[in-house]
Amino acid sequence: MTPGFLSRTLDGLRQMLGGTPVKPTAADMTPAMVDLLAFKKTPEERKRRKEAIKAEREHDQTSNKWRWRRWASIILINGLFLASFKVDLQLIEGALTASRVVGFHFADLNSSLQLMLAHGHVVLNLVIGVTTVFLLYLIAGGRAFCSWVCPYHLLSEIAEKLHLTLAEKRLVKDHALDRRLRPVLFVIFAGLAFASGYTLFETISPVGILSRAITYGTLIGLIWVALLLAVEVLWSRRFWCRYVCPIGLTYGIAGTVAPVRILHIADNCFHEGKCRDVCLVPHVLEMTKLGYGRETETPIGPDCTRCAMCIDVCPSGALKFDVKGLSRAPEAAE
Amino acid sequence: MTDETPDRPEKRLAKGGEERRRFLRSVAVGSAVVGASLVGLLQHKLALAAPRLRPPGAIDEEAFLAACIKCGQCVQVCPIEAIELADLNDGLSNGTPYIVARDQACDFSCDATQCILACPTGALSHLIDKKEQVKMGVAALARPDACLARQGKGWKGAARGGAFDGVLRWSEVDRWKAQPVKGHAYDLELCDLCVQTCPIEDAIALEPLSADPNDKRRTPVVKSACVGCGVCEMMCPVEPVAIEVKVTTIGRDPARKSA
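The listed protein sequences correspond, in order, to chains A and B.
Using the working numbering, read the first sequence as starting at 1443 and increasing by one per residue.
Using the working numbering, read the second sequence as starting at 4 and increasing by one per residue.
Hints are computed from structural coordinates only; laboratory data are not their basis.
Even glycine gets a Cβ: it sits at the ideal position worked out from N, Cα and C.
Incorrect hints may appear among the rest.
[Unchecked claim] Per label pair, the in silico range of CB-to-CB distance:
no.	chain 1	residue 1	chain 2	residue 2	range
1	A	Ile1662	B	Leu41	15 to 21 Å
2	A	Arg1511	B	Lys249	50 to 56 Å
3	B	Lys249	A	Gly1545	57 to 63 Å
4	A	Arg1511	B	Trp173	47 to 53 Å
5	B	Trp173	A	Leu1604	54 to 60 Å
6	B	Leu51	A	Asp1719	48 to 54 Å
7	B	Ala258	A	Asp1719	42 to 48 Å
8	A	Leu1604	B	Arg146	33 to 39 Å
9	B	Ser213	A	Val1529	52 to 58 Å
10	B	Lys18	A	Thr1574	43 to 49 Å
11	B	Lys180	A	Asp1719	35 to 41 Å
12	A	Thr1574	B	Lys159	38 to 44 Å
13	A	Ile1517	B	Asp205	50 to 56 Å
14	A	Ile1517	B	Glu175	44 to 50 Å
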């Protein structure tokens, strides 16, 4: 493993559980990063960056490439659930809590965990479904579920747009919450499932409610989803995905060391913070602040949903998708 | 606000107060979310107090509520669309499957237990593979006075009239496919629909009401073989229905029974 792999992974987990990022000292940086930082702090470099930012702002380079791909993925997957039922396509049958994908069992990790704690009995089909999904996200990056599959994410993105528009007009204000809330709720819901013998979180899980509403037309449950979206528009930006949803944490843990991740290339970075402004989990992009990076190329931590909004918005190509062991370009390539 | 902001200054200024408010907000939101999830407990209480028919093979209601992953795969495989998923307002745990026998009973026309095979969690017990092993409930004559056979009356026409959407398999019409109930007209001297459409052998029979051999009146008698599928309830032609399935909540689980 690369040097710093363990400390980076542990720090990523700590941040995912609500810990605040810590600014590194020179001792925490690789020698290459120390050199790069010193270079970046020279007046000439600062001036060059300022000019580059100015030029870049004159013609906005924000792309929507990854957003369209992601939305297509969410619509396709949830559409296949619907089509499998309504026109008997039989490709993805069930709902996002558990399904058969061309006959193979898939089971949502969080729903399955709740169920195991509540029921205390596991059948082979569920073991197969959980293992399949676990392996999938072990590779793809756990929270890729959030931004590439979860239908709530898409609605929440639209709610976020609305929230930001209203916030700009000073009609609403974002109320941040403590990120430690999510792990606390994760433990509470797991405990409740175990103690009560019922999967209580499923009652309010917008993922299950939405997925079933899409496929089976159980629409009354959408009142709850609408309420959550209203809170996000009017009061707290993306509060469900950021601070509440235990599903996100379950998948985050599953994909802690996923080879598919987003990579920050410090050399290209202007440090202007556009990526952090659009990010669902901006703490994972702390290294994009000048002087906060530890390595010249840093994989983004496990809380990252791989939504790639940061890639879309980055004007200087400092962020890109990377598959560990596959697209490892040596420094010589640059 | 553009270049190289090492820390957000506005955050630093009001740190103490803002941090406290943020903490309190988080506690409030967390409590609200947990509180909302407790609606689930209420749903379970209702599901136990006023139980509905669950699909064949469903284990005991409390265990079923814990084991059902709410995916609806049982709904998908049912060829006669007998199974529905509960919504938030159905007085059941939302996302769990149920059957309204009067509208569409399970007649096992899939030749039994497709839904059980589809269930990924064992909420529908995989130990069951024959319709005779199912224990969803027991049929009972809920309104004896309404029963046509008990009045010695017959029945002409479709069992439930022309507006009824349910289906039933008549093996002599099509071995594999269920037919619309409204398309199947009867001409019965004495109504025995509950008996002749029952998919389980020896589960229900018509027995004389009196010792008088000239007395045409008969009464349906439910036997121990009854699995509670509700076909009799669906096919009973009188309104309100004379025979109804009483839902079983405990004793459905074959694993539990043998233990």
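Verification of the supplied hints:
1. A:Ile1662 to B:Leu41: 15 to 21 Å: 18 Å, holds
2. A:Arg1511 to B:Lys249: 50 to 56 Å: 54 Å, holds
3. B:Lys249 to A:Gly1545: 57 to 63 Å: 37 Å, violated
4. A:Arg1511 to B:Trp173: 47 to 53 Å: 52 Å, holds
5. B:Trp173 to A:Leu1604: 54 to 60 Å: Since Trp173 of chain B and Leu1604 of chain A have Cβ atoms about 56 Å apart, the given range 54 to 60 Å holds.
6. B:Leu51 to A:Asp1719: 48 to 54 Å: 50 Å, holds
7. B:Ala258 to A:Asp1719: 42 to 48 Å: 55 Å, violated
8. A:Leu1604 to B:Arg146: 33 to 39 Å: 55 Å, violated
9. B:Ser213 to A:Val1529: 52 to 58 Å: About 56 Å separates the Cβ atoms of Ser213 of chain B and Val1529 of chain A, which means 52 to 58 Å holds.
10. B:Lys18 to A:Thr1574: 43 to 49 Å: 46 Å, holds
11. B:Lys180 to A:Asp1719: 35 to 41 Å: 59 Å, violated
12. A:Thr1574 to B:Lys159: 38 to 44 Å: 56 Å, violated
13. A:Ile1517 to B:Asp205: 50 to 56 Å: 52 Å, holds
14. A:Ile1517 to B:Glu175: 44 to 50 Å: Since Ile1517 of chain A and Glu175 of chain B have Cβ atoms about 47 Å apart, the given range 44 to 50 Å holds.
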